[in-house]
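Chemist: Sequence:
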Amino acid sequence: MQSQYEPPPSRMTGARCAVHVEAQAIATCTRCGTYACAQCTVLGPDREYYCQTCISKVAVLAPAPRTTRLLAQLVDSLVMSVPLFVAMGIFLVLMLAKVGDDESRALIGVGMFGLAFLMSLGVLGYQAYQTVVTGQSIGKRMMGIRVVRNDGSQADFVRVILLRNVVPYLVNLGCGLFWFVDVLFIYAEDQRCLHDHIADTRVVKVDDEAPPSFG
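1 is the number of the first residue of the sequence shown in UniProt numbering; add one for each residue after it.
Simulated restraints, written as ranges between beta carbons of each label pair:
hint, residue 1, residue 2, range
1, Y169, K98, 40 to 50 angstroms
2, D190, M95, 49 to 59 angstroms
3, V167, I90, 29 to 39 angstroms
Read the hints as simulated data drawn from the structure, not as lab findings.
From a predicted model like this one, the values you see are computed outputs, not experimental measurements.
The beta-carbon is built from N, C-alpha and C at its ideal position, and this holds for glycine as well.
Let the hints inform the model, and build the full structure from the sequences given.
Modeler: As structure tokens, this is what we get:
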């Protein structure tokens with residue numbers, strides 16, 4: 001079977017193809033890790049190299065438009081802020097209405113913001129659960145995009161939550177420029193942010209009916 005893509009030009013010294021043992025390997029399959037020769041190596045739609053067996057399992061999914069990803073992120077940020085806005089609104093109304101004395105209003109304010117914090121944790125948990133199970137946060141669902149493994153398969157908890165979110169957050173605590181560099185990676189050919197490379201994920205359109213790019 002001939003590849004519709006050109007294999008990488010370099011050879012791997014001493015390595016032999018897992019299928020054609022007499023042939024020298026020129027790449028390892030991104031999905032299964034086996035050595036592949038020029039005849040067995042295929043460059044997939046994600047610009048990674050695969051063996052002939054794995055290339056048929058790689059989903060050909062269109063990358064999510066950059067602006068659509070930004071809009072999804074803005075929606076998710078807004079959703080996380082809703083409990084705080086609600087608490088601030090109620091507290092402001094109570095202040096303007098002068099309900100109770102100063103001490104009572106102070107206690108109500110503390111209670112409202114404590115409730116807002118707990119509600120935000122609930123929203124965060126829901127977002128995390130939905131992203132792990134479906135690959136979609138609320139914002140991504142609205143925009144018709146989702147997170148998948150780089151080969152198109154479903155991403156698990158470790159990749160979606162730990163590698164894609166927690167690790168970048170911790171790195172950013174030590175290097176405040178991380179988020180700036182992370183965002184710049186979206187302008188690469190594969191449209192994957194730095195945290196996508198860390199977690200071996202990408203963001204793609206759910207289907208042909210996904211919202212069009214706005215830019």
